[in-house]
Amino acid sequence: MLVAIVALTLLAGLSGLLLGYAAVRFRVEGDPLADKIDAVLPQTQCGQCGFAGCRPYAEAIAAGAADIDRCPPGGQAGVEALAALLGVEPKPLDTAHGVEKPPQLAVIDETQCIGCTLCIQACPVDAIVGAAKHMHTVIAQECTGCELCVAPCPVDCIHMVPIATTPANWAWPAPRAA
Amino acid sequence: MGVLDPLVRLWRFNGGLHPPTRKAPSNAQPARALPPPPRLLLPLTQHVGAAARPVVNPGQHVGRGELLAAADGYVSAALHAPTSGTVVALEARPIAHPSGLSAPCLVLDADDADAWGALPAPLADWRTAAAAEIRRRVREAGIVGLGGAAFPTAVKLAAEPPPNLLIVNGAECEPYITCDDRLMRERAAAIVGGVLILRHALGAAAALVAIEDDKPEALAAMRAAVAASGAAELRVQAVPTRYPSGGERQLIRVLTGREVPSGGLPAELGIVCQNVATAAAVFEAITTGRPLTARYVTVTGAGVHTPQVVEARIGTPVADLVAACGGYTAAAARLIYGGPMMGFALADDGVPLGKGGNCILVAGATELAPPAPALPCIRCGDCVRACPADLLPQQLYWHARAREFERAGELGLFDCIECGCCAAVCPSRLPLVQYYRHAKGELLAAERERHKADLARERHGARQARQAREEAERAARLAAKKAHPAPAPEAAAPAAATATAPASVATAPTAAASPAPTTTDDPRQAAIAAALARAQARRARAAADATAGTSTDAAPGDDDGRG
Ligand code: SF4
Ligand code: SF4
Ligand code: SF4
Ligand code: SF4
Ligand code: SF4
Chain F
1 MLVAIVALTL
11 LAGLSGLLLG
21 YAAVRFRVEG
31 DPLADKIDAV
41 LPQTQCGQCG
51 FAGCRPYAEA
61 IAAGAADIDR
71 CPPGGQAGVE
81 ALAALLGVEP
91 KPLDTAHGVE
101 KPPQLAVIDE
111 TQCIGCTLCI
121 QACPVDAIVG
131 AAKHMHTVIA
141 QECTGCELCV
151 APCPVDCIHM
161 VPIATTPANW
171 AWPAPRAA
Chain E
1 MGVLDPLVRL
11 WRFNGGLHPP
21 TRKAPSNAQP
31 ARALPPPPRL
41 LLPLTQHVGA
51 AARPVVNPGQ
61 HVGRGELLAA
71 ADGYVSAALH
81 APTSGTVVAL
91 EARPIAHPSG
101 LSAPCLVLDA
111 DDADAWGALP
121 APLADWRTAA
131 AAEIRRRVRE
141 AGIVGLGGAA
151 FPTAVKLAAE
161 PPPNLLIVNG
171 AECEPYITCD
181 DRLMRERAAA
191 IVGGVLILRH
201 ALGAAAALVA
211 IEDDKPEALA
221 AMRAAVAASG
231 AAELRVQAVP
241 TRYPSGGERQ
251 LIRVLTGREV
261 PSGGLPAELG
271 IVCQNVATAA
281 AVFEAITTGR
291 PLTARYVTVT
301 GAGVHTPQVV
311 EARIGTPVAD
321 LVAACGGYTA
331 AAARLIYGGP
341 MMGFALADDG
351 VPLGKGGNCI
361 LVAGATELAP
371 PAPALPCIRC
381 GDCVRACPAD
391 LLPQQLYWHA
401 RAREFERAGE
411 LGLFDCIECG
421 CCAAVCPSRL
431 PLVQYYRHAK
441 GELLAAERER
451 HKADLARERH
461 GARQARQARE
471 EAERAARLAA
481 KKAHPAPAPE
491 AAAPAAATAT
501 APASVATAPT
511 AAASPAPTTT
521 DDPRQAAIAA
531 ALARAQARRA
541 RAAADATAGT
551 STDAAPGDDD
561 GRG
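Residue numbers (UniProt numbering), protein chains in the order written: chain F, 1 to 178; chain E, 1 to 563.
There's no promise every hint is true.
[To be verified] In silico contact screen, one side only, chain F against chain E (beta carbon under 7 Å); selected entries:
| id | residue |
| --- | --- |
| 1 | 42 |
| 2 | 104 |
| 3 | 113 |
| 4 | 126 |
| 5 | 130 |
| 6 | 135 |
| 7 | 137 |
| 8 | 164 |
| 9 | 167 |
The hints are simulated quantities; they were obtained by calculation from the structure and are not laboratory data.
We put the beta carbon where it would ideally sit given N, CA and C, even for glycine.
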């Protein structure tokens, strides 16, 4: 009796271990490393890294085809986060791709807009609303500040403005270290 | 009565302090009703939640109690004129906030009449009124938690399922603060009436008013008012004086012995907490139709001539409050909005009293522990013993200091009520609460950024999927025509453009640029041509202005080649 119980328990335990191992070993996923890298990238989708968005850059990093220092919106903190994720030494941001800027937002001067829809076609996150020949507006919560809409505008009526600090988004500063 | 029966004993929370209460100078004389100041400043955000939406224009005359700004969204609060007068501006003014920053305010110049405007009719018999009707009136009266949290009261009244117990907080545990004490002594009947209305609106079985036992006069007045009301489902309970017994979680622990789960709300235990002053404001709104336009506030400290409680209009500048109490003394050194433990320093006495403002403390130079130079943590553990939220302040401090905010979050950082007990006992005088506030801010900012990035990722993905679908449809249409000899390569080219992602974002605008003008009618085209010419001229001018121009002006020229 006792032998049977012990044997069955052992068997159950062993098959459990085996199943657990198999689940880990043979897990099917998209590109898990690229997913993790993409999760760290800021999703501004600005293309300054030389790729058409954050996901392609993430895939390039995962494939070893691009270095981790090419994303200006992520800034130095972003490079460090990537370095920590990949277990490599952090390096300074490569300013050839642009410099880190304070967070900003596109604003359309609606009195000048001619409704050509070019900015809508440029916006990587569909943050601009407006129909052909009508004035256009940026949805502030959805704009990533990528600047891609600025260049196509034929009348130069899109401006990037820094996001202001207000009591609503202000945060306590760190105390002076002791 | 059933729910109140088990409450034969009180419990205690861990930690806490007995700081010198220093309530004596300000609670000795009756609260004095102040006349409205000549100019009132009314921030559109005096509450937790979305800013109120202004419904008046500069130049407009309003009577006291008339709506100035309506609640905008579910968690928001309306704002009413605290006196009659003329709205002179809607502009950014410094507000009572630790940042010292400005926020949109309505500026109201008082006339001398101080006359009520049109008010909603009182609710004749609230006992038979529907809960939803009471909630609506509380919401429209702009009532928020007056104990300091300023959370919109109507939102808390929508607790579902109906709670068992309504706890009405009259503990007022923080040193110096005495406005609830005076209110309970002077307006006990209104508070009791408000508690009964709140209990009815919530559908709660019973209500308990908790008062610290160092306020015998308030306890007596409230007990008399309850007896006079004849309400059986309401009881006044004295609780031991120990800071911070007025904290929501701590008070629930003392009264019921139950623990609000980490990250949870009292509603999960079937409990709703309200402040005594909030109850009085509800009574006023329901039985007279008058919205929240004034509150009791303590003006105290060695830096003010006559410490006292005053009934002041919302929006009264702090300078006017201090002046009404005899002005600053020579000792005045620090101006604090709120109490000495949980308040924050004001850099400017021009900021207005908000709905949640319960105390203006003008501290003398030696009155509060000076922010002495901090020494390294000696791991004495005093802070752990003092923490009423059962946290490990020392661990939170180490992680916050090392910028390991995630780790601090895992250790319950958001259960910290910022009571300051840990900092008060710390022999190294570390500014512990400031570390926690900073760490919370960093975590919340990271959370916001993550949320925004997720949204952008999602929208970018949706856009790419849509573009791919459109290209596929176009390719299918072209293939279906089969009129031309070589449709296949044309159809394949755009599809390939989206498939090889690197070029898609940048090609989209240029590819689409040409068809757009051709589809427009002639006058429109002329207008566009004119606008283009204007823009071109502007660009030429900008180029001529050497390279001084920055970012936006220079960007179009630089980026044109990206496609
Ligand atoms: S530079 Fe950074 S934010 Fe811009 S697309 Fe590349 S990865 Fe995304
Ligand atoms: S609105 Fe302009 S700046 Fe904002 S996300 Fe769209 S393209 Fe980028
Ligand atoms: S590109 Fe400029 S002109 Fe055209 S719709 Fe956008 S904002 Fe208006
Ligand atoms: S009380 Fe101060 S010194 Fe003692 S363990 Fe806590 S933080 Fe460190
Ligand atoms: S401030 Fe936070 S950590 Fe410190 S004693 Fe209070 S609840 Fe505990």
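Status of each hint after checking the structure:
1. 42: Holds. Min distance 6 Å.
2. 104: violated, 9 Å
3. 113: Hint violated; residue 113 (chain F) Cβ to chain E Cβ min 9 Å, cut 7 Å.
4. 126: holds, 5 Å
5. 130: violated, 13 Å
6. 135: At 13 Å from the nearest chain E Cβ, residue 135 (chain F) fails the 7 Å test, so the hint is violated.
7. 137: violated, 16 Å
8. 164: With a minimum Cβ separation of about 9 Å from chain E (threshold 7 Å), the hint on residue 164 (chain F) is violated.
9. 167: holds, 4 Å
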